[in-house]
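Model the full structure from these sequences, guided by the hints.
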Amino acid sequence: VDQVQGKERRVGKHGGGNSPPLMKKITLLIISDLHAGSTVGLCAPKFQLPDGGTYSLSHAQQWLYQNWNDLGQKAIKAAKGGKFYFVSNGDLIDGKVKQSVQTVTDSMVAQREIAAELLDPLVQQADKFFVIRGTEAHVGGIAQHEEGIAKDFGAEKSESGTYSHWQLLADFGGVLFDFAHHVGGGGRPWTSGGNAVRLAAETVMDYAGGRIPQLVFRSHVHKYADSFTNVAQTRAIITPAWQLRTAYGYRIAARPADVGGVIVTIEAGRADVNVVLFKPERPTIWHAQKE
Numbered sequence: 001v002d003q004v005q006g007k008e009r010r011v012g013k014h015g016g017g018n019s020p021p022l023m024k025k026i027t028l029l030i031i032s033d034l035h036a037g038s039t040v041g042l043c044a045p046k047f048q049l050p051d052g053g054t055y056s057l058s059h060a061q062q063w064l065y066q067n068w069n070d071l072g073q074k075a076i077k078a079a080k081g082g083k084f085y086f087v088s089n090g091d092l093i094d095g096k097v098k099q100s101v102q103t104v105t106d107s108m109v110a111q112r113e114i115a116a117e118l119l120d121p122l123v124q125q126a127d128k129f130f131v132i133r134g135t136e137a138h139v140g141g142i143a144q145h146e147e148g149i150a151k152d153f154g155a156e157k158s159e160s161g162t163y164s165h166w167q168l169l170a171d172f173g174g175v176l177f178d179f180a181h182h183v184g185g186g187g188r189p190w191t192s193g194g195n196a197v198r199l200a201a202e203t204v205m206d207y208a209g210g211r212i213p214q215l216v217f218r219s220h221v222h223k224y225a226d227s228f229t230n231v232a233q234t235r236a237i238i239t240p241a242w243q244l245r246t247a248y249g250y251r252i253a254a255r256p257a258d259v260g261g262v263i264v265t266i267e268a269g270r271a272d273v274n275v276v277l278f279k280p281e282r283p284t285i286w287h288a289q290k291e
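Residues in the sequence shown are numbered from 1 upward in steps of one, following the working numbering.
Hints listed in this document are in silico derivations from the structure and should not be mistaken for laboratory results.
Watch out, some of these pointers could steer you wrong.
Said to hold, decoys possible - Listed next, the in silico DMTMM-like pairs over lysine to aspartate or glutamate satisfying Cα-Cα at most 25 Å (straight line):
no.: 1; residue 1: 83; residue 2: 171
no.: 2; residue 1: 128; residue 2: 106
no.: 3; residue 1: 74; residue 2: 156
no.: 4; residue 1: 98; residue 2: 258
no.: 5; residue 1: 83; residue 2: 120
no.: 6; residue 1: 77; residue 2: 272
no.: 7; residue 1: 96; residue 2: 152
no.: 8; residue 1: 151; residue 2: 171
no.: 9; residue 1: 96; residue 2: 258
no.: 10; residue 1: 279; residue 2: 267
no.: 11; residue 1: 151; residue 2: 120
no.: 12; residue 1: 46; residue 2: 117
no.: 13; residue 1: 83; residue 2: 152
To be verified - Label pairs and their in silico Cβ distance ranges:
no.: 14; residue 1: 56; residue 2: 209; range: 26 to 36 Å
no.: 15; residue 1: 255; residue 2: 66; range: 20 to 30 Å
no.: 16; residue 1: 102; residue 2: 136; range: 30 to 40 Å
no.: 17; residue 1: 81; residue 2: 247; range: 37 to 47 Å
no.: 18; residue 1: 62; residue 2: 230; range: 32 to 42 Å
no.: 19; residue 1: 247; residue 2: 161; range: 14 to 24 Å
no.: 20; residue 1: 125; residue 2: 252; range: 30 to 40 Å
no.: 21; residue 1: 142; residue 2: 106; range: 13 to 23 Å
Glycine included, every Cβ here is placed at the ideal spot set by N, Cα and C.
Printed below as a string of structure tokens:
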């Protein structure tokens, strides 16, 4: 199901192929690109800064926080009667991007605390928590800050023993998933979604001769895209974000970011995909006053 501003439309299900014995219902919440610490990113309300002051959310951040809670409630409700897994697909904090002044604080300790406060209610509800590493410019060399957050929460370890993953290949309830953060951009509006279709096709070729992931998730570009059924055997989804358009975004004339997350429910080896998008209001039209 795709859900946009309360409206839903059926978009199909995905079978499990050759897979281990089936489990009871599993629900996954997949989010990405919180950019905690950004002045236009998701932030905990009335967060205390390192020197004791308090940061109050902007109107836009209040809107983000309200929708973040709404998404969490949807996921927890969907997970009733089964297992609940929570996946962060990269860029939990904003870091200190070169020349950017759009940060609540340059303290990485504080930014990590903001991210942890946002994640904690969902992690406490989750049976498993997975952290995928994002962009080093945001989360530090070798994604050290995401590794630190993941370790603090006791997230599921990678094959090499780290608490975060560059890439995660996982079987959930008989459905094979492939998670990683980075992907190419979607281009202009008239080519929107092409990156998801390319990713789906590349996945089929990359896994040829073996078990092909039914669902592939990437993030990074802050624009939702979906291959749907354009490529047989797999579906690729580029997740929406939780950071609104930055000064850099305005400079490159990027379209407004998409905000939201993905809830996947797996039963009897089949996955039902629910993409939840939250649409901000358009800017108010300015009118000249009558003299």
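Cross-check of the supplied hints:
As the CA atoms of residue 83 and residue 171 are separated by approximately 14 Å, the hinted pair is consistent with the 25 Å bound. Straight-line distance between C-alpha atoms of residue 128 and residue 106 comes to about 30 Å, which puts the hinted pair past the 25 Å bound. Between residue 74 and residue 156 the alpha-carbon distance is near 23 Å, which keeps this suggested pair within the 25 Å criterion. For the hint pairing residue 98 with residue 258, the CA-to-CA distance comes to about 24 Å; that is within 25 Å, so the pair holds.
The suggested pairing of residue 83 with residue 120 holds, with an alpha-carbon distance near 17 Å, which does not exceed 25 Å. With a CA separation close to 15 Å, the supplied pair residue 77 and residue 272 stays within the 25 Å bound. Our distance criterion of 25 Å between C-alpha atoms is met by residue 96 and residue 152, whose separation comes to about 21 Å. About 22 Å separates the Cα atoms of residue 151 and residue 171, which keeps this hinted pair within 25 Å; it holds.
Straight-line distance between C-alpha atoms of residue 96 and residue 258 comes to about 22 Å, which keeps the hinted pair within the 25 Å bound. For the suggested pair residue 279 and residue 267, the alpha carbons sit about 30 Å apart, so the restraint of at most 25 Å is broken. Pair hint residue 151 plus residue 120 holds up; C-alpha atoms about 13 Å apart against a cutoff of 25 Å. Between residue 46 and residue 117, the direct Cα distance comes to roughly 11 Å. Compliance with the 25 Å bound is thereby established for this hinted pair.
The straight-line distance between the Cα atoms of residue 83 and residue 152 is roughly 22 Å, inside the 25 Å bound, and the hint therefore holds. Between residue 56 and residue 209 the beta carbons are some 55 Å apart, a value that contradicts the proposed interval 26 to 36 Å. Remark: the range hint 20 to 30 Å for residue 255 to residue 66 is upheld by a beta-carbon distance near 23 Å. At about 19 Å, the CB distance of residue 102 to residue 136 disagrees with the hint of 30 to 40 Å.
Range check, residue 81 to residue 247: Cβ separation about 45 Å, and the 37 to 47 Å hint holds. Separated by about 37 Å at the C-beta atoms, residue 62 and residue 230 satisfy the suggested range of 32 to 42 Å. Distance hint for residue 247 and residue 161: a CB-CB separation of about 39 Å, inconsistent with the stated range 14 to 24 Å. Separation of residue 125 from residue 252 is about 38 Å and conforms to the stated range, judged on CB atoms against 30 to 40 Å.
The beta-carbon spacing between residue 142 and residue 106, approximately 20 Å, falls within the hinted interval of 13 to 23 Å.
In the structure shown, a violation is registered for the earlier hints numbered 2, 10, 14, 16 and 19, in ascending order.
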